[in-house]
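Using the sequences provided together with the hints, build the complete structure.
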Amino acid sequence: MDKEWEIRLGGTGGQGLITGGIILAEAAILDGKVAVQSQSYGPESRGGSSKAEVIISNDEIDYMKVKDADLLLVMSPEAAKKYKDEVKEDAIIIVDTTYVKDFEATKGKVYEVKISHLARHEAGRELVANIVALAVIVGVTNVVSRSALEQAVLSRIPKGTEELNKKAMAVGFKAIEEVLNAA
Amino acid sequence: MDKEWEIRLGGTGGQGLITGGIILAEAAILDGKVAVQSQSYGPESRGGSSKAEVIISNDEIDYMKVKDADLLLVMSPEAAKKYKDEVKEDAIIIVDTTYVKDFEATKGKVYEVKISHLARHEAGRELVANIVALAVIVGVTNVVSRSALEQAVLSRIPKGTEELNKKAMAVGFKAIEEVLNAA
Amino acid sequence: MLAHLEKYFRTERLPHIWCPGCANGIIVKSLVEAIDKAGLDQDKTVIVSGIGCSSRAPGYLNFNTLHTTHGRAIAFATGVKLANPELNVIVVTGDGDGTSIGGNHLIHGARRNIDLTVLLFNNSIYGMTGGQYSPMSPQGAKATTSPYGNIERPFDICNLVTASGASYVARGNSYHTSQLTNLIYQGLQNKGFSFIEAISTCPVYFGRKNKLGRPADMLKMQKEFCISKEAAEKMSAEEKAGKVITGVLHYAELPEYTEQYQKIVDKCQRR
Amino acid sequence: MLAHLEKYFRTERLPHIWCPGCANGIIVKSLVEAIDKAGLDQDKTVIVSGIGCSSRAPGYLNFNTLHTTHGRAIAFATGVKLANPELNVIVVTGDGDGTSIGGNHLIHGARRNIDLTVLLFNNSIYGMTGGQYSPMSPQGAKATTSPYGNIERPFDICNLVTASGASYVARGNSYHTSQLTNLIYQGLQNKGFSFIEAISTCPVYFGRKNKLGRPADMLKMQKEFCISKEAAEKMSAEEKAGKVITGVLHYAELPEYTEQYQKIVDKCQRR
Amino acid sequence: MSMNAVKEQLEPVVVNLAWCKGCGICYSLCPTKVLSSNELGKSIVSEPNKCTRCKICENHCPDYAITVMGVKK
Amino acid sequence: MSMNAVKEQLEPVVVNLAWCKGCGICYSLCPTKVLSSNELGKSIVSEPNKCTRCKICENHCPDYAITVMGVKK
Amino acid sequence: MTVTDIKAKLMQGNQACAEGAIYAGINFYAGYPITPSTEIAEVLAERMPEEGGKFIQMEDEIASMAAIVGASLTGAKTMTATSGPGFSLKQENFGYGIVAETPCVVVNVQRLGPSTGGPTAPAQGDMMQARWGTHGDHPVIALCPSTVQECFDLTVKAFNLAEEFRTPVLLLLDEVIGHMRERVFVPQPGELEVVDRIKPEAGTQNYLAYQPVDSTLVPPMASFGDGYRFHVTGLLHDETGFPTNNSEVMGSLIERLHQKIERGREKIVIVEEIDIDDADVVIIAYGCVARSAQKAQKMARKKGQKVGILRLITVWPFPEEEVLRVAEKAKALIVPEMNRGQIKDVVQSAVVGKAEVYGIGNVDGEMVSPCQILAKIEEVL
Amino acid sequence: MTVTDIKAKLMQGNQACAEGAIYAGINFYAGYPITPSTEIAEVLAERMPEEGGKFIQMEDEIASMAAIVGASLTGAKTMTATSGPGFSLKQENFGYGIVAETPCVVVNVQRLGPSTGGPTAPAQGDMMQARWGTHGDHPVIALCPSTVQECFDLTVKAFNLAEEFRTPVLLLLDEVIGHMRERVFVPQPGELEVVDRIKPEAGTQNYLAYQPVDSTLVPPMASFGDGYRFHVTGLLHDETGFPTNNSEVMGSLIERLHQKIERGREKIVIVEEIDIDDADVVIIAYGCVARSAQKAQKMARKKGQKVGILRLITVWPFPEEEVLRVAEKAKALIVPEMNRGQIKDVVQSAVVGKAEVYGIGNVDGEMVSPCQILAKIEEVL
Ligand SMILES: Cc1ncc(C[n+]2csc(CCOP(=O)(O)OP(=O)(O)O)c2C)c(N)n1
Ligand SMILES: Cc1ncc(C[n+]2csc(CCOP(=O)(O)OP(=O)(O)O)c2C)c(N)n1
Ligand code: SF4
Ligand code: SF4
Ligand code: SF4
Ligand code: SF4
Ligand code: SF4
Ligand code: SF4
Ligand SMILES: [Mg+2]
Ligand SMILES: [Mg+2]
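Protein chains in written order, with my numbering: chain A, 1 to 183; chain B, 1 to 183; chain C, 1 to 271; chain D, 1 to 271; chain E, 1 to 73; chain F, 1 to 73; chain G, 1 to 381; chain H, 1 to 381.
Calculated from the structure, these hints are not laboratory results. One or more of the hints may lead you astray.
Each computed DSSO-like pair below joins lysine-lysine, with the alpha-carbon atoms no more than 30 Å apart [as the list claims (entries may be wrong)]:
1. Lys303(H) x Lys3(A)
2. Lys107(A) x Lys298(H)
3. Lys107(B) x Lys303(G)
4. Lys88(A) x Lys303(H)
5. Lys107(A) x Lys82(A)
6. Lys166(A) x Lys142(C)
Following this line, the structure appears as C-alpha cells:
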C-alpha cells in the first residue's frame with residue numbers, strides 16, 4: 001500500500017479499541033512504516049465513548065489527528081452516529097452489527113460484520129472483539145501485513161491468551177472473507 | 001511648629017518603640033496634622049533590632065520613609081551605630097544612656113538622658129521607657145502638643161496603667177528640662 | 001426505591017457514570033434512605049464532595065450540591081456550615097480524596113467537632129484516575145502504581161478519626177445496606193462531626209488487578225469479611241482474624257463548633 | 001554542655017534568635033545530648049525542619065540541615081530518607097508547623113512507618129507569627145486570633161500519631177530535661193517512625209496573653225502538670241486530673257518503609 | 001384479586017433496561033434464581049414465580065434499575 | 001588542692017554574659033540562690049560557695065550561657 | 001460633607017483593610033496567619049463576632065480559600081488574607097472560585113520572595129502571579145492601594161466588584177502599605193456604595209445557576225438554602241451547572257468568564273492621572289512605590305521637568321488603553337516597582353513600541369526611593 | 001549510525017518521558033496521580049526498582065514536590081509529574097527548589113483548565129503559570145516537546161539542564177503529546193549527553209554551598225552525607241546558605257539566580273526554524289500545535305505561500321532574540337496555541353511593534369487544526 005491511511009476506531013470504553021489502535025500502529029512500524037496513534041477519553045478515565053485514531057504513512061506524519069477517515073470502525077450506536085460523516089468519500093467503513101443496527105452510510109463503502117457476537121461465540125470471549133475487528137480491518141484493507149498484525153497482537157496481550165487471540169484473528173479473517181466473497 | 005518632621009526611633013524589640021511611634025503619630029493627628037508611621041521588623045516577628053519612623057507634616061505626605069531624620073532617638077548600641085549618620089545636619093538626637101554608652105555624633109545636636117534607667121527607677125517599670133522617651137522628645141521639640149501626647153498615650157495603653165504612664169511622662173518631661181537647663 | 005428516586009435523585013442525569021457493578025450506587029441509595037429517615041429538608045441540605053468517582057455522587061442528588069477540588073470537600077463544607085449553621089451539611093468523599101490529599105482537613109474537621117456528616121466511600125483504590133493505590137489499599141495489593149504489591153500500611157481510618165476528636169464514628173459496607181443506612185442515619189442525627197466509612201468496591205480496577213472476580217463476588221466477599229461489632233464481641237480472636245468490624249465504633253457527646261462560636265457572637269453582641 | 005556545644009553547635013551563629021526564656025533552647029540541648037548518646041555520625045545525619053521559631057533550630061546545629069517550607073518538613077525528609085536510607089533523618093517541627101498545615105504529612109509519615117525521628121516543639125501557639133492559636137492551644141486559651149478564648153479543642157497529638165501507625169510515640173517537656181533526652185534517644189534507636197512531643201514554652205506570646213508569669217514560672221508549671229506514665233499508673237483519677245502524661249506512650253515493632261522498598265528493589269534486580 | 005395484585009404476581013420484579021448496565025449483581029445474588037441475563041449481560045426476569053420479594057436484587061443494584069413490587073413473602 | 005579544684009570552688013558556675021539574655025530562669029530555679037541578676041537582668045554568680053552543682057541552672061538555660069564546673073556535691 | 005465632620009483615625013493599612021471589609025458587610029473570614037498579613041486576621045478575629053459575622057482560623061491556606069468559597073455559596077460576603085507562600089497555596093482553589101463564579105475577596109500583602117524569602121521585607125513580586133498563578137485561562141481582577149485610606153476604600157470596592165461580577169477579587173497590598181499607619185477618614189454608613197449579592201428575581205422558576213439573564217453575562221446567584229438546589233462544580237459546565245464534555249460548551253464558558261470582565265472594564269479599571277497632559281515623561285506606578293513616584297514627580301516639576309504620573313489602582317485587568325493613551329503623548333515611560341520589571345513588561349507589550357519604556361526594579365526588600373526615580377528621569381529626559 | 005541500527009519502538013508520550021528519565025539516570029520519583037499525566041508514574045513505578053531507583057506515591061502534590069527536592073539534596077536525580085490542579089499545588093515548593101537551587105524535573109501534562117476543568121481535554125493553558133506560578137521574582141526553564149521522540153530526548157535534556165544550572169526544570173507536555181503513540185528511536189547509552197551532578201572538587205575545604213566558583217554563577221553542589229554539613233533554606237541567604245536580612249545580599253541572591261540562567265541562554269534556548277529565510281508569514285508554535293503548524297505550512301507552501309515556522313522547543317526563558325530576528329524579516333507572525341493567547345502576548349512584547357502578531361487561541365479542548373492556521377494565513381497575507 002502506498003497511500004496514507006487515516007483510521008478511526010469508535011465504540012465504548014471497555015471494548016479495547018485503544019489497544020486495537022496501538023496494535024495497528026505497532027504492526028505498521030513492524031512493516032517499516034511511520035505510524036501515529038492517538039485517542040480520546042471520557043471524564044478522567046471511565047464511562048462514555050471511546051475513540052482511537054491511527055495514521056499510517058510512508059512519510060513523517062505532521063498532524064496526528066484524523067479528520068476525515070479513510071477507514072472507520074464503529075462498535076457502538078453512539079460512535080456510529082458521531083463518526084459516520086467524518087469520513088472521506090471513498091472511505092471503508094466497518095460496522096459491528098452486534099451493537100450497531102440499521103447503519104446508514106452517507107459516504108464510503110460499508111462492510112457489516114457481527115464482530116462482538118463472533119468474538120463471544122466463535123472465538124470464545126467478547127473480550128477479544130477488538131482483535132476480531134483488527135483482522136476484519138486487515139482483511140479488507142491490507143493496511144498492515146498479516147504477519148505484522150500477528151506479531152503486534154502477540155506482543156501486546158497478557159501471557160496465556162495467545163491461543164484465544166490467534167483464534168480471534170482467524171475468526172475475523174474468516175468473517176471478512178465471507179463478506180468479501182458474498183459481495 | 002511648621003516644618004515637616006522626619007522622626008526615627010531605634011532600639012531593640014520589646015522596648016516599645018513601635019508603640020512610641022504610633023502614639024506620636026496619633027498625637028500629631030489630634031493636633032490636626034498629617035502623620036505617617038512606619039516600621040521595620042526582624043525575621044517574621046521577633047528578635048533583633050526594631051525601628052519606628054514617623055513623619056509629621058502640615059501637608060499630605062507622599063513618601064512615608066524617613067531618609068535623613070530631623071529627630072533621632074536611639075535606645076540600643078546597635079541602633080545608635082546604625083542610624084547616627086542618617087540624620088540631617090541640624091538634627092536633634094536623643095540618646096538613652098542606659099544602654100548607649102560613648103555616643104559620638106557626626107552631625108546634629110545630642111541630648112543624653114538615662115531613659116530606661118529613669119523608667120525603671122523613677123517611673124517604676126522599665127516597660128514605660130518608651131513613654132519616658134516620648135516626653136523627652138516632646139520636651140525638646142514640641143513636635144506635638146503636650147496635651148495631644150497625653151491623650152494619645154492614654155488611649156493606647158492597657159487599662160489600669162494610666163498612673164504609671166502619666167508618671168512616666170512626668171519623669172520624661174522633668175529629665176529633659178534638667179538637661180535643657182543644664183545646657 | 002422508586003418513591004425516593006423521584007424525590008431525591010436528579011433522575012434526568014441517570015444512569016450515572018459509574019462502571020457496571022461499582023458499589024458506589026448502592027451506597028448512595030443508603031445515603032438517600034438515611035436522609036429520608038432523618039427527614040431532612042432538601043432545600044436546607046447541602047451535599048459537598050471532592051474529586052473522584054465517588055465524589056460524583058452529589059451531581060445525581062436533588063439537593064444543594066457542591067463538587068469541589070480534590071481532597072478539599074471538608075474545608076469547603078466547613079465554610080458552608082459555619083456561614084449558615086441552619087444548613088445540614090453532608091460530605092461525600094473517597095478513600096483517596098478523604099484520606100490522602102484530604103487527610104488534614106479530615107482530622108481538623110474531626111478535631112473541631114463541626115457538625116458535618118462525612119461519608120467516605122472506601123474502595124481501596126483511586127478509581128477515577130485508573131487504579132493507583134491509596135492510603136487505604138491493603139498491604140500487598142496490586143495497583144497500577146504498586147505493580148509489585150503495596151508496601152504501605154493502610155490507615156484504620158475510623159481509629160484515626162476517633163483519635164482526631166470526632167464525636168461519632170462508624171463503619172458499614174455496601175453489602176449490608178440496611179445497616180449502612182442506619183449508620184448514616186445516626187450520623188445525621190449527631191450534632192457534631194460524624195464520620196461513616198462505607199466499604200465499597202471498584203470491580204474495574206481494584207477487583208481486576210487483584211483477581212477478585214465479578215462485582216457480585218466482591219459483594220459476597222464483603223458479606224463474609226464484615227462482621228458487626230456486636231457479633232465480634234462474641235467471637236474469639238482467631239475467629240476475628242481477617243474480619244473487619246462494622247457498626248458504631250465511637251460515640252461521645254462533645255461541644256459542637258458552630259454552637260460554640262455562636263456563644264461568642266452572643267456574648268459580644270450582648271455587650 | 002561545653003563539649004557538646006563545640007561539637008554539635010554552629011557556635012558562630014549563637015546566640016540564637018529565640019526570645020529570652022523561650023524553652024526551645026532547652027529542648028535543642030536535649031536533642032543534641034540524645035544524638036550524642038546515640039553516637040550518630042554528624043556527616044550522615046540530616047536535620048530537617050519547617051517554618052516557625054522552633055524550626056529555626058537546625059540552623060544552629062552542626063549537621064546537614066534543611067529548613068524547608070511551612071508544614072512540609074516530613075515530606076522533604078521522606079525524600080531525603082528514601083533516596084538515601086543510610087542517612088539518619090531527624091525532623092524538628094512546631095505545633096503549628098507539624099499539626100496544622102503539616103498535619104497530613106505527619107499522619108502519612110507515621111502510616112508508612114518511615115524511619116524518621118520527629119521532634120515536635122509544642123508551645124501551644126504560633127510563635128513566629130506573633131501569637132495566634134494553634135491546633136494544640138488549650139480550650140479557652142487567649143491568642144491574638146482567639147481574643148475571646150479558644151473554642152477549638154486541641155489534638156492529643158501522641159494519640160493521633162499512634163492511631164496513624166507510628167511505631168514509637170513519646171511525650172516529654174522542657175523542665176524534665178534528662179527524661180526528654182532519653183525519650184529522644186529511644187526515638188533515634190527505633191528503626192521506624194518515631195515521634196516525640198516536647199512540651200515547650202512561649203513566654204512572650206502564649207505566656208503573656210494567658211498571664212502565666214515569667215519564663216521560670218512557666219517551667220515550674222511544667223514540673224507540676226507533667227507526670228510520668230509510671231507515676232500516673234499509681235495515681236487515682238482525681239489525682240491525674242489536669243495532668244499531662246509523659247514518657248513512652250506507644251511502641252510497636254513494625255515493618256519500616258525504606259526496608260520494605262529495598263526488598264522490592266532486591267527482588268526486581270534478582271530477576 | 002385486584003388488578004394490581006395480579007400484576008404484582010406476574011411481574012414481581014421490574015428491570016429498567018435503559019439503566020441496567022449488566023453488571024450481574026442481581027442475578028448472581030438472587031437466592032432463588034429469578035433473574036438471569038440476556039445476551040448483552042443485562043438482567044431479565046426469567047422465573048418470576050420463584051420470587052420471594054426479598055429485595056436483595058433491588059438493594060444491591062447499583063443502578064437503581066430494579067424495582068421489586070409488593071412485600072416480602 | 002589542685003589549681004583547677006581551687007578555681008572550681010571559687011567559680012563553680014560560669015555565666016557567658018555575651019549569650020545570657022537575662023530571662024531569669026537560672027536564678028529563679030537555683031535552689032540555693034547562688035545566682036541573682038544584674039541591673040540588665042542578666043545572671044550573676046553572687047553566692048558561689050552555696051552552689052551544690054545540681055546543674056539545674058545549666059540544664060535549663062535556653063541560651064547555653066551557664067556552665068557548672070565539677071560534679072554534684 | 002467637610003473633613004471636620006468626619007473623625008480621622010490613625011490606622012494601619014492591614015487594619016484599614018479589615019475595617020473596610022466590615023464596612024462592606026463581610027460575614028465570613030477564614031485565614032491562616034502569615035507575616036505581613038496577620039493583623040488583618042487579628043483585627044477581624046475580634047471585630048467579626050461583634051458584627052455577628054464568623055471568623056475561623058483554618059488549618060492552612062488551602063482550607064481557608066476553600067472555606068470562603070463554601071461560605072460564599074450560602075450568600076455570605078467572604079474574605080481571606082495571606083502573603084506569598086500562602087498565596088501560592090491558594091491558587092488551586094482560587095481558580096475554583098473563578099470557575100464556580102463565587103464572589104470573595106483575597107488579600108495578598110506582598111513580602112519579598114521567592115519561597116520563604118524575606119518574610120518582613122516588602123516587595124511587589126507577586127503581580128504576575130496574581131494574574132497567572134492558577135492553571136488554565138482565566139480572568140482576574142486585582143486592586144492595588146497606595147494609601148491606608150485606599151486600603152479601606154478599595155477593600156469596599158473589592159467586595160463590590162466581587163458581588164457585581166460574581167468572581168473572586170484580589171487586593172494586592174505590600175508590606176509597606178500593610179504595616180504603615182496614617183489617618184483614615186472612616187466613611188459614614190451609606191457614604192460609600194456597597195453592592196450586595198445579585199440574586200435571581202423573586203419567584204424565578206427553573207433557575208439556572210450559570211445562565212446570564214442580561215448583557216452583563218453575569219448570572220444572578222442564588223444561595224444554598226434559598227430553595228433552588230443547584231449544582232456547583234469546578235469541571236467545565238453548561239448553564240445548568242452540570243459538567244459537560246461538549247467542546248463548544250466548554251469553550252463558551254471560558255469565553256464568557258473573560259467577557260463578563262471585559263464588558264465590565266469601565267467599572268473595574270481605575271487609574272489616577274497626575275499632570276499627564278504636558279508630560280514628556282510619565283511614571284507608571286502602583287502600591288507603595290506610587291508614593292515615591294509622587295514625591296519624585298513633585299521634585300521634578302519643581303526643577304521644571306515635565307513629569308506626570310499614571311497610577312494604576314486597578315492592575316488586572318490591565319489598563320491597556322489608559323497606558324496606550326499616555327504612551328502616545330509621552331516620550332518615555334518609567335515603571336518603578338519592587339520586582340524585576342513584571343508590570344514594566346506588560347506596559348511594554350501594551351504600548352507596541354509607541355514610547356520608550358524604562359524600568360526600575362528593586363528586589364532587595366528596599367522601597368524604590370524618590371531618588372532612584374529622579375535619577376531615572378534625568379537619564380531618560 | 002543509521003536508522004536501521006536502532007530499534008524503533010511505539011511509545012506513548014508519557015511513556016517516552018518516563019523512559020527518557022531512566023536514560024538520564026533518574027534515581028528518585030515522587031508523584032501523585034492525575035489525568036493525563038498518570039502513565040508517567042505508572043511506568044516508573046514498574047521501572048524504577050528494576051534500575052535500583054526509588055518510586056513513591058506521596059499523599060499529595062505538595063508532598064511530591066517536597067520529596068523530590070529533599071531527595072535531590074542527597075545527590076539523587078529526581079522527577080515528579082502532574083497536571084494543572086497538581087501543578088498549582090506544587091507552586092510553593094517549586095519556588096523553594098529554585099531558591100535552594102536543587103536540580104529536579106517537574107512535568108506538567110497540560111489539560112483544559114481552569115480548576116478541575118476538562119480532565120481529559122487537551123490544552124496549553126499553563127504556559128504563563130509555568131513562568132509566574134510561584135510568588136516572587138524567579139527565573140524558570142521550561143521545555144515543550146512536539147513529538148514522542150522529543151518527550152524522550154527533552155526529558156534527558158531537562159535532567160541535564162537541572163544539573164548544569166542547579167535548578168528545577170519544567171517539561172510542559174500537553175494531553176495530545178502525552179497520550180499519543182509514535183515511534184521512538186531509543187538511543188544507546190552514551191549516545192545522548194547525560195550531565196551528572198557538579199560537585200565541589202575533591203578535597204574542597206570550607207565549602208560554601210551557595211558560592212559560585214566560576215563565571216557560570218552556579219555553585220557546585222555537595223550532597224547530604226558527603227561530609228560538608230551545609231545548611232539549606234528557602235529564606236534569602238548569603239553564600240554560606242544561612243539566612244540574612246541584609247538587603248544587598250538578599251538582592252544579589254535574586255539577581256544571581258536570574259543571571260545564571262541568562263548566562264546559560266545559549267545552552268538552554270532551543271528553537272527549530274523551518275523555511276524562515278524567505279517567509280512573509282512565520283508561524284510560532286510549540287507542543288502539539290506545532291504539528292498542526294507543520295502540516296499547514298507544507299500545504300501553504302504547496303499553494304505558493306511563503307510561510308515558515310519558528311518552533312519553540314524552549315519556551316522559558318523566552319527566545320526573545322530568536323523571535324525578534326524573525327519579526328524583523330517577516331511581515332506577520334501567527335501564534336496558534338491552545339489557550340487565549342498566552343505566548344502570543346509574550347511574542348507581542350518581544351517584537352516591540354516590528355511585525356504584526358496574530359493569535360489563534362482554542363480554549364475548548366480541541367486541537368488547533370491545520371485548517372484554522374491556513375485560514376489565518378490567508379487572512380494575513
Ligand atoms: C489536585 C488534584 N490532584 C489529583 C487529581 C486527580 N484525581 C482525581 S480523582 C483522584 C483519586 C480519587 O480516588 P478516591 O478519592 O479514592 O475516589 P474513587 O475514584 O476511588 O471513588 C485523583 C488522584 C485531581 N483531580 N486534583
Ligand atoms: C505557607 C505558609 N503559611 C504561613 C506561614 C507563616 N508562618 C510562619 S511560622 C508559622 C507558625 C509557626 O508556629 P509553630 O509551628 O507552632 O512554631 P513556633 O513558632 O511556635 O515555634 C506560620 C503560620 C508561612 N511561613 N508559610
Ligand atoms: S473506576 Fe472503580 S470506583 Fe470508579 S466507577 Fe469504575 S468501578 Fe467504580
Ligand atoms: S515568640 Fe515564643 S516561641 Fe518564638 S522565640 Fe519567642 S518565646 Fe520562643
Ligand atoms: S444489578 Fe442492576 S445494573 Fe446490575 S445487572 Fe442487575 S439490574 Fe442490571
Ligand atoms: S426480590 Fe429476591 S427473590 Fe425476588 S428477584 Fe429479587 S433477589 Fe430474587
Ligand atoms: S537562664 Fe541563661 S539566659 Fe536566662 S538569665 Fe540565666 S544565664 Fe541568662
Ligand atoms: S548548679 Fe545548682 S546550685 Fe549551683 S548555681 Fe546552678 S542551680 Fe544553683
Ligand atoms: Mg477510592
Ligand atoms: Mg508553636
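Tested hints:
no.	hint	verdict
1	Lys303(H) x Lys3(A)	holds, 21 Å
2	Lys107(A) x Lys298(H)	holds, 28 Å
3	Lys107(B) x Lys303(G)	holds, 28 Å
4	Lys88(A) x Lys303(H)	holds, 22 Å
5	Lys107(A) x Lys82(A)	holds, 14 Å
6	Lys166(A) x Lys142(C)	holds, 28 Å
Going through the hint list in order, the structure satisfies each hint without exception.
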